[in-house]
Structure formats: C-alpha cells, structure tokens
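Participant: One-letter residues, chain by chain:
2 protein chains.
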Amino acid sequence: MKTRIGILGYGNLGRGTEIAIADAEDMELAAVFTRRDPSGVKILTPDVPVVSVNEIEKWTDKIDVLVLCGGSATDLPVQTPKYAAMFNVIDSFDTHARIPEHFDAVDKAAKESGHIGMISVGWDPGMFSLNRVYANAILPDGKDYTFWGKGVSQGHSDAVRRIKGVKNAKQYTIPVESALEAVRSGSDPELSTRDKHLRECFVVLEEGADAAEVERQIKEMPNYFADYNTIVHFIDEEEFTRDHSGMAHGGFVFRSGKTGVNKENKHVIEYRITLDSNPEFTTSVIIAYARAVKRMYYEGQTGCKTVLDVPPAYLCQQSGDELRAHFL
Amino acid sequence: MKTRIGILGYGNLGRGTEIAIADAEDMELAAVFTRRDPSGVKILTPDVPVVSVNEIEKWTDKIDVLVLCGGSATDLPVQTPKYAAMFNVIDSFDTHARIPEHFDAVDKAAKESGHIGMISVGWDPGMFSLNRVYANAILPDGKDYTFWGKGVSQGHSDAVRRIKGVKNAKQYTIPVESALEAVRSGSDPELSTRDKHLRECFVVLEEGADAAEVERQIKEMPNYFADYNTIVHFIDEEEFTRDHSGMAHGGFVFRSGKTGVNKENKHVIEYRITLDSNPEFTTSVIIAYARAVKRMYYEGQTGCKTVLDVPPAYLCQQSGDELRAHFL
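If you read the sequences in order, they're chains A and Y.
Residue 4 in numbering that gives the first Met the number 0 sits at position 5 of the first sequence, and the numbers go up by one each step.
Residue 13 in numbering that gives the first Met the number 0 sits at position 14 of the second sequence, and the numbers go up by one each step.
Keep in mind that a hint or two might mislead.
Claimed, not checked - In silico lysine-lysine, PhoX-like type, Cα no more than 25 Å apart, as pairs: (1) Y:Lys57 with Y:Lys107; (2) A:Lys262 with Y:Lys1; (3) Y:Lys57 with A:Lys1; (4) Y:Lys293 with Y:Lys81; (5) A:Lys149 with Y:Lys262; (6) A:Lys257 with Y:Lys1; (7) Y:Lys142 with A:Lys149; (8) Y:Lys142 with Y:Lys257.
Stated by the list, open to error - What the simulated footprint calls covered on chain A by chain Y, stretch by stretch (three residues with Cβ under 8 Å from a Cβ of chain Y suffice, anywhere in the stretch; the number is not a length): (9) 15-27; (10) 92-100; (11) 131-137; (12) 266-273; (13) 278-286; (14) 301-310; (15) 318-326.
Unchecked claim - So these bits of chain A aren't anywhere near chain Y, every CB distance computed over 12 Å: (16) Pro37; (17) Gly39; (18) Pro48; (19) Ile55; (20) Val77; (21) Lys107; (22) Ser112; (23) Glu199; (24) Glu206; (25) Ala211; (26) Pro221; (27) Asn222; (28) Glu237; (29) Arg241; (30) Lys257; (31) Val260.
It is worth saying that the hints were derived from the structure and are not from the lab.
Quick reminder that beta carbons are idealized off the backbone N, C-alpha and C, glycines included.
Generate the whole structure from the sequences, applying the supplied hints.
Facilitator: Written out as structure tokens, the structure is:
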C-alpha cells in the first residue's frame, strides 16, 4: 500500500512536495489542506481534493504523514505540535537557535498521541546538519566551515526593500572563492564574516529616489551588510523580473581534521550542493524522510525525531538486500 | 564506563585504529591480538597487552567491540563470521561484489551469538556508500558518478610489479579534472572509463631491464591499463622511497538529478574527501561506528549491520540535546 501524504499549506514548499510525491512510486498525495478558501486553490495533481484546514481532523485515518509547509517564524511553532497530536508530521523548521524548544514541544505532543513528529528537514538544517555530524564523528580533532550560496537570502532582500526609495530588491549571498580554496587546501584558515561571503544586491528604485543614499544605507546597515563587502546594482523593473525571479541556491559544508601520532596527517571532507530550485530540493529531502517517518511509526517509535535519528536505509524504497548490492 | 576496543591484526589499519582510539575520550584500547609472536609486536599505547590470537576467547568479557584489521581477500571472509560468534565486531571488508555473501555469513553468526557484526566500514564502501544512498533517496531521477583519487591503487601497483624487469612500482589513480567539471556543471555527461581517470606509474627497473618493453607491457595490460590513458615514469630507488611512500588518497561522489513539473530544475550533490592517510581516515570512520555498535548491542539489536543501518547520532559522544543544539 502506498504511503498517503497530506500537505498543509500550498505555497512554494507545498507545490514542491506535490512534485516530489509524483516522483515516488511508493507514495500518493491524499489531500492538500489550506487556510484559504479551497475553491481558490488549484493544485497540479488531478483528482486530489483541496480541503479546508478546519476539516483536517476527519482525515486522521486517511493520511500516513502530514507535511507541514508553513513558515518557521510563526506557523510551525504552533502547527507542528498541534498536528503531531493527530498525525505523523514532518516540517522544515529552520530557525536554528529555536530548534531545542521546538523539539521539546513536538516531542511532548507526539509522544502523547503516539505519533512521530520529524522536524527541521531540508538542507540547512537537514543535509548540512548530517554532514556536520558525520564529519565531526569521524574527525574529532578539526574545524568546521559552512558557506551558503550562491543564492537569495529572503531576510536580506526584505531588509533592502524596507529602505525608503526602494521599490523592489533581491540580495544574493555569494561564497568567496578564495576562502573556499583556502579551506579546501586544509590550511585551517581563520575567516572573518567578510572573508567568507559577499553580498550582491539588485535594486529597483522608486521614481525620484536618491541612488547614492540608498546604496549608503544598504552598505552601512548593521548586522545585515556592514560586516560584508556588498555590491549594489540599480536595475529597472523589467530586468528585475526577467533575471531575478529564480530560486537557485546552494552551499558547502567542510570539515578539516588531523590524525596521526603527531597529528601529521590532514584530511578535508567537503559536501557541496548546487540547486536550481531551493524549495524543490528541500521538499525532495522531506519526501525521502516522510518514507522514514512511516517506517519508524510502524516500528512503534514515537516522539520528535530529526535527520540525526534516522538510519539512511529508511529513506529508500529499496530493500536492505538491494541497497547493499547496488549502493554499498 | 569507556568502550573497550580490541584490535585484531597490527598493520596499517591496526595502527590507525590505535591512533583513532587515542582521540576518543570515551574509548580505551583493551588489547591487540596478533597471529605473530606477541613479543615481536611493539604498539604505541603504553600498558596495553599484545596477545596471541590463540588466547582471544579468554577476552570475551573484557572487550566491547573487536576491530578486525585483516585484508578483504582472504582474512575477513573467515575472521568476521568467526569472531562475530564471540564478540561484537567491525570490519572494513571492501570487495564490493562479495558484500552480499559476506553479509549473510556474518548475519548468521552474529544472530546466533547475540552480537552485532558491522561490515564494510570505511570510505568506499562506507562514507561514499552513505552519500550514494542519501543522494539517490533525495533525487530519485538522476545520475551517479564516483571518482577515486588522487591516490595509490594497491592492485594496480602489484600488477606493474609483476612485470619482468620491474623492481618496484607505485600506481596513482587520478580523476580527470575536465570530467569532474562536466559532472559538477549538471550536464550529465556520458563518461567512458578513459574519460574519468588517468593512471600514472612510477617504476624502478631492475638492472639491464628494457624500459620501452616494460612501458609497452604496462600500457597494454588488459583490464588494468589498456582502457586508460597511462603515464609511465622511470625513477631510481632513492626517488621512489623519498617521494612515493605516502598513503594519501581521496575521491568524489556526485549525484545530479532533476525535479520540477517538466524536470526543468537541475541539482548537483558533491561529496569530496582529500586524505593525507588512507588507513588513518578509514580507521577514524571505523572507530566512530564502533561507538554505534556498542549502542546498538545494548539496545538488544543483533546480526549484521552496515553504515546504512546506523542513525548518525549513534556515531557521536554527544547527547541528542547537544547534537541538536550545536550541529542541527
């Protein structure tokens, strides 16, 4: 029997989840739940109902795993514990500093209801976290480096848009090539914030706005830009729409470590992703972990889980025999 | 209480295991077992006994995990099932084609004795296998590429040494930079054997040997060299000893995959390792998994396991709380 997936929230992540389900022969989309008027939500998959979230409790025996596609700021801290009381759930909660409290809330709800609540699935947190943990376990004496990009930072784009005179803006975070090379060489460089990433902004001005003043305000903005080398381009609306609507992203996780009687041997582990679509990659990770959620649930496990708790084989459709024969 | 590790076999892997234990505060070396005369085996760790393998049965209650450091060709197929009948064991069995039968033999012995037998731990099989499985689970519609090197291939070095007139030889497997770049670009290239790797040989000739004839025999050797571009250098013994005694190695695992309604989005995942010491990196992986073996054993699990069966958190000394707070 196929794994029946429900989606709550139909934005970029919801649509990405729907697409990822279509690529998994062992899964099917059971329903999309929305806070909007369901009649106004058109989904890609034929013959799958769009249902008001107010009706979700009627679906508890028709869904194996509910994928929560809300935002980390206000949606998921409420939704994940709430729905873990009724379903196995999975989210992509990505506010790193608040993961421990989110874990505790979801763990309590999921244990009480006898479900699995898997949190913080995606690439960072997610695949990057896994790579940090594996590499630290293997090379306990070493240094970690994470680089993000090239890709859009939503928070930084928002910050630029809040400046007076700015009509629209996109901010790209770009890892500095010479810093990547220094880390890759195993030289264990000390890298400042400015050494690691560039920030590049594409800005559409309101009519009559003062470009020099906008540029100054961007470059001097504390926390967001002041500690970085920042490049600002002013472009028109047409170019903005044509060239800056993509959702490409990526990044690097490195660990360099030493072994040997006198620590004479250096080793560098590098994990790198280059993504045309940030939300579709994130949801591809989520759907693989949804497979694991169902399996852990049928084993009798309950409570909050993260990617660190899941045996890799659980992500796969293939049997252990097949995996050992073809991938090991 | 510290995890008590036994080592069977004191070559490069045995010594690497000993060094990795010294870096793990939660582990201690209990004993080194040898098929040689123990009085002739000098180890690095003070006050740890070197014991004849004939006495190993007396140590069953003094060792949590026995690390088997023999070779995959003839040692491990016998040793791993044999000692899984008495101990939790871990090996680095790396004959990919024979993993299924090795798994079955170890599984039977370990289940009968109520132990864990973890096999094929290292980097390939091992970390590379993990990366293939994760990336295939995330990007089911895609292509895999594995590259090895730059590093010494023992099998190819041996093959060169068997040629008449060759006194000594080292063969380096080198990934072709343009092939790496093509894969990294997401263009999904079709790569022949020749496209992916170069072979570079450093050869010391016997006195009076015919260099041209040796070079011809190397380059035309079926399976080993005929399908590759091969570079042969003739050097003297002094240069050989000075420049070609290292154990550096490395490699790359890539998966490129497509997502999207019309498969319009490309993604590339790259895992890369650059190692000064192949055996010390391998044993660093083994010691992390030895930690997991003990944990799985105390949970009541038995039988043969591979890296695909182990939750990443089990490799770490840190608690789940610490891992979530610092690595997720």
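Participant: With reference to the structure, classify each hint as holding or not holding.
Facilitator: Cross-check of the supplied hints:
no. : hint                   : in the structure
1   : Y:Lys57 with Y:Lys107  : holds (23 Å)
2   : A:Lys262 with Y:Lys1   : holds (23 Å)
3   : Y:Lys57 with A:Lys1    : violated (51 Å)
4   : Y:Lys293 with Y:Lys81  : holds (19 Å)
5   : A:Lys149 with Y:Lys262 : holds (21 Å)
6   : A:Lys257 with Y:Lys1   : holds (23 Å)
7   : Y:Lys142 with A:Lys149 : holds (23 Å)
8   : Y:Lys142 with Y:Lys257 : holds (9 Å)
9   : 15-27                  : holds (count 5)
10  : 92-100                 : holds (count 3)
11  : 131-137                : holds (count 6)
12  : 266-273                : holds (count 8)
13  : 278-286                : holds (count 4)
14  : 301-310                : holds (count 6)
15  : 318-326                : holds (count 6)
16  : Pro37                  : holds (21 Å)
17  : Gly39                  : holds (20 Å)
18  : Pro48                  : holds (20 Å)
19  : Ile55                  : holds (26 Å)
20  : Val77                  : holds (20 Å)
21  : Lys107                 : holds (15 Å)
22  : Ser112                 : holds (20 Å)
23  : Glu199                 : holds (22 Å)
24  : Glu206                 : holds (35 Å)
25  : Ala211                 : holds (38 Å)
26  : Pro221                 : holds (26 Å)
27  : Asn222                 : holds (22 Å)
28  : Glu237                 : holds (22 Å)
29  : Arg241                 : holds (17 Å)
30  : Lys257                 : violated (9 Å)
31  : Val260                 : violated (6 Å)
Hints 3, 30 and 31 from the list above are not met by this structure, while the remaining hints are.
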